[in-house]
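**Q** We have chain G already, so just place chain E on it with the hints.
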Amino acid sequence: MKGITLNLSKKIILLVSFGIIFTLVVSYALTQYLYENFYVHNVEESLNQQGKNIAKEYKGGPITPEFINKVEDYDRIAEGDIFVTENPRELGACLPFDVDYQALITDEERNRLLIGESVTKQGYEPRFDRQVMAVIVPLLDQKQLNGVVYLYLPLSSITEAFNEVRYILLFMGLLFINIALIIGKRLVNRITGPLRRMEHVARQLALGNFNEKVEVTSRDEIGNLGAALNHMSTALEEVDQRRRDFLANVSHDLRTPLSYIKGYSEAMIEGVVTEEEQKKKYLRLIHREAGRLQRLVHDLLDLAQLEGDSYPLNLMPLSLAQLIEDTMGKYEPFLQEKKIGLILDLDFDVIVFADEDRLEQVITNIVDNAIRYSPENGELKMVLTQRNNTCTLTISDTGEGIPPEELQRLGERFYRVDKSRTRKKGGSGLGLSIVKQIVFLHKGTIHIDSVLGKGTDVSVTLPLYDVNVAD
Amino acid sequence: MFRRRSLLLITFIAIIFFLSGCQFKTFQQVPDQDSVIAVANVRESSVSFINIETGEQLAKWKLEVSFTRVLLMPDNKTLMIYGRQNPDVTFINMSTGKLKQWKLGEGISNAVLSADQKMIYFAERNMNKVLFYDLEGEKKGEVEVGESPYTMIPTPDYQSLIVYHLNGASLSIIDLKTLKVKTTLTTNDNPMGGLYIAQTNELWVGGHGAGAEPEQNISVFSLSNGQKKREFPAQVMPVDFLTMDDKNAFVLSHGNNTLYRFDIPTGNETGRLHLGANPLGLAAGKKMLYVSSYDSNQVFEVDPVTLKVTNTFNVGSGRLQIVVREGVGT
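Residue numbers (our numbering), protein chains in the order written: chain G, 1 to 471; chain E, 1 to 330.
Any given hint could turn out to be false.
Here are the simulated SDA-like pairs of lysine to any residue, each with C-alpha atoms no more than 25 Å apart in a straight line [said to hold, decoys possible]:
{"no.": "1", "chain 1": "E", "residue 1": "K25", "chain 2": "E", "residue 2": "T54"}
{"no.": "2", "chain 1": "E", "residue 1": "K62", "chain 2": "G", "residue 2": "F97"}
{"no.": "3", "chain 1": "G", "residue 1": "K143", "chain 2": "E", "residue 2": "S46"}
{"no.": "4", "chain 1": "G", "residue 1": "K143", "chain 2": "E", "residue 2": "E301"}
{"no.": "5", "chain 1": "G", "residue 1": "K10", "chain 2": "G", "residue 2": "G223"}
{"no.": "6", "chain 1": "E", "residue 1": "K180", "chain 2": "E", "residue 2": "S148"}
{"no.": "7", "chain 1": "G", "residue 1": "K59", "chain 2": "G", "residue 2": "E90"}
{"no.": "8", "chain 1": "G", "residue 1": "K143", "chain 2": "E", "residue 2": "Q57"}
{"no.": "9", "chain 1": "G", "residue 1": "K143", "chain 2": "E", "residue 2": "V309"}
{"no.": "10", "chain 1": "E", "residue 1": "K140", "chain 2": "E", "residue 2": "Q57"}
{"no.": "11", "chain 1": "G", "residue 1": "K143", "chain 2": "E", "residue 2": "E44"}
{"no.": "12", "chain 1": "E", "residue 1": "K118", "chain 2": "E", "residue 2": "Q57"}
{"no.": "13", "chain 1": "G", "residue 1": "K143", "chain 2": "E", "residue 2": "G318"}
{"no.": "14", "chain 1": "G", "residue 1": "K143", "chain 2": "E", "residue 2": "D303"}
{"no.": "15", "chain 1": "E", "residue 1": "K60", "chain 2": "E", "residue 2": "D88"}
{"no.": "16", "chain 1": "E", "residue 1": "K129", "chain 2": "G", "residue 2": "E90"}
{"no.": "17", "chain 1": "G", "residue 1": "K121", "chain 2": "E", "residue 2": "R43"}
{"no.": "18", "chain 1": "E", "residue 1": "K129", "chain 2": "E", "residue 2": "T96"}
{"no.": "19", "chain 1": "E", "residue 1": "K180", "chain 2": "E", "residue 2": "L113"}
{"no.": "20", "chain 1": "G", "residue 1": "K143", "chain 2": "E", "residue 2": "S148"}
{"no.": "21", "chain 1": "G", "residue 1": "K143", "chain 2": "E", "residue 2": "E56"}
{"no.": "22", "chain 1": "G", "residue 1": "K213", "chain 2": "G", "residue 2": "Q241"}
{"no.": "23", "chain 1": "E", "residue 1": "K62", "chain 2": "G", "residue 2": "L95"}
{"no.": "24", "chain 1": "E", "residue 1": "K103", "chain 2": "E", "residue 2": "F91"}
{"no.": "25", "chain 1": "E", "residue 1": "K129", "chain 2": "E", "residue 2": "A169"}
{"no.": "26", "chain 1": "G", "residue 1": "K280", "chain 2": "G", "residue 2": "Q305"}
{"no.": "27", "chain 1": "G", "residue 1": "K143", "chain 2": "E", "residue 2": "N314"}
{"no.": "28", "chain 1": "G", "residue 1": "K143", "chain 2": "E", "residue 2": "L307"}
Think of the hints as simulated: they come from the structure by calculation, not from any bench.
On a predicted model such as this, the values are computed, not experimentally measured, just so you know.
So that you can see chain G by itself, here it is in the shape it has in the complex:
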């Protein structure tokens, strides 16, 4: 079934209107109820009391002229009209005979009066030809209904009092509705305006336009939602930018070696190079560039795998200090070549639960960088300590350091501090990204401190092997 679809603002307006109308109806009904129950009842009670007070003066027997005079006096000062009648015809004495005369009281009223009850009635009274509220109090002498005290008040005088209130109520009600609707509409706009804006921004985001932002004007849930949307927009923009950079980097880094290879190989095919020595040089260059391509592709593949959801780590307890020593053994020729001094300060008690090959890759990548950016006669220091279930490996070099503003972006793919991309110092620009990913997979953290011109400290913190957990 296809129902009527209303947008949020209409729904809220409808709800507010219902609320207002409901409140008004209830308050009107309440006023009416109070009027009926208290005011009218009060008038009735007052008439009744007056009637009873007068009836108290009656001491039985026929109604005397003095009594009638007394009631007439009372009538002059009382609020309503009061009279007393002793006329048996008015008192309905002939009612059983069906005589064609409209008595003041009905048969049923007479029966109630006879048992001493007062009669209260409200409505049209043909005798007075108007709407009245009347109270009839019997003047009984044992079983004889010798007369009645009849007190009445035109209903108009009672309703007039309420009419005034009714108009005020009506006026106030209309005023209230208008004010409430205006305020309600503003409120609804306040609520739904930002929502509409957010909808617009979300659509723009889907189209790739990240410039549109939501204006956050409040600190409530809707304001928070707007802020979150803005944050998401910024994050998406950054991700998008990185994607573009990544693609640009990858294509650039692939194109450079390829053009080398293509250029040198073409030169050889076309016979530009004739000398044997030159040919060998060209082949070496081609081989070097092919190697670089291989490394790049290998690193990309590694990174893609590491960033995947379920990269299988071959975890085992291993001595980190031993691993460092073994790995650094392989670097001896390079260190000697660059005359870099190596200082190892390792805690051999440190056991971590890790993938040996991957952890070696971490050390290799960091040390590669350190050696690459260290000048000759530099110093490489590796310190392994443990503290509170974690161990920290700090690799410090005396290299050129990294400017503080660059520090944050280290570890992004293809991000190099050295923008020239001269490849003088080699590297694919993916090394630190891979390190970060491996450390992350081992539930560890990486922290880089650097002072420009003095050197860089890279600290990798990993959880220690916990025998209990491993079991």
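**A** Below, chain E without anything else, positioned relative to chain G:
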């Protein structure tokens, strides 16, 4: 075949039973030898029978329909019960408790027996007619009269029926030979109750009064010339009249709860008794008068000589009228 026939028979019996349902109803019997007053309690639609001697209630008939008046039939055993809203006139035999009905239609406001007790005269208020029936229920005629016929007084010479027009200010005199209105007299307003004084050919007329003014007097008309002869006070609203002999007339004024005794030849008041609350019914036994009080649900037994209440009976609600049935034994 047999089954179908028996089914038809049962259905037929059931229909007959259903149609004549109330015909089978019987009422509590009232022994013939007892002298009783039958009181019409119109508010609760019942008739109470009270033994005059003992004050004991002998029976109470609860009727399913509303009624306003009763009439004792010449057999001294059957009570006719009727009302303006009731299309049926109901007869209940006090000896047997059995019931029979005549269908006369609505509007019967009053009924009296003829002077020779062979006819019943019905005042029919919807059509403003007087209907004549014999005791077997055969209609003998009808006469159109003025508005709201109520009080009917047959003259003892069997010649005339005097009919008051309750909601007017006149009366008609019907010639019983020709069944035609022979005279119409102007009276006081809302005339009700009265006496025909044969010796002087006078008619005493009571009533309720005009508009808000209650009637204060009894008017005396000469039927010889149709002129009003005089009036004398009987405050307030004298509506019920009766005589026990040629000398004394008893008049009940319901407006001020007073029973008057007047000397018939002179019209002088010879006694009065204040009693009840809105007394509406007056009846005479052999020795005593009975007055029903509508508002106080009482019946008073009054000694006509001393004008003192000798007994008070309490039964039923809204007693409008009483009739006295003297027992066979007394």
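**Q** If a hint holds in the structure, say so; if it does not, say that too.
**A** We went through each hint and held it up to the structure:
no.: 1; hint: K25(E) with T54(E); result: violated (29 Å)
no.: 2; hint: K62(E) with F97(G); result: holds (21 Å)
no.: 3; hint: K143(G) with S46(E); result: holds (21 Å)
no.: 4; hint: K143(G) with E301(E); result: holds (18 Å)
no.: 5; hint: K10(G) with G223(G); result: holds (21 Å)
no.: 6; hint: K180(E) with S148(E); result: holds (17 Å)
no.: 7; hint: K59(G) with E90(G); result: holds (21 Å)
no.: 8; hint: K143(G) with Q57(E); result: holds (22 Å)
no.: 9; hint: K143(G) with V309(E); result: holds (17 Å)
no.: 10; hint: K140(E) with Q57(E); result: violated (38 Å)
no.: 11; hint: K143(G) with E44(E); result: holds (18 Å)
no.: 12; hint: K118(E) with Q57(E); result: violated (31 Å)
no.: 13; hint: K143(G) with G318(E); result: holds (13 Å)
no.: 14; hint: K143(G) with D303(E); result: holds (22 Å)
no.: 15; hint: K60(E) with D88(E); result: holds (20 Å)
no.: 16; hint: K129(E) with E90(G); result: violated (29 Å)
no.: 17; hint: K121(G) with R43(E); result: holds (23 Å)
no.: 18; hint: K129(E) with T96(E); result: violated (33 Å)
no.: 19; hint: K180(E) with L113(E); result: holds (18 Å)
no.: 20; hint: K143(G) with S148(E); result: violated (31 Å)
no.: 21; hint: K143(G) with E56(E); result: holds (23 Å)
no.: 22; hint: K213(G) with Q241(G); result: holds (17 Å)
no.: 23; hint: K62(E) with L95(G); result: holds (23 Å)
no.: 24; hint: K103(E) with F91(E); result: holds (11 Å)
no.: 25; hint: K129(E) with A169(E); result: holds (16 Å)
no.: 26; hint: K280(G) with Q305(G); result: violated (37 Å)
no.: 27; hint: K143(G) with N314(E); result: holds (13 Å)
no.: 28; hint: K143(G) with L307(E); result: holds (21 Å)
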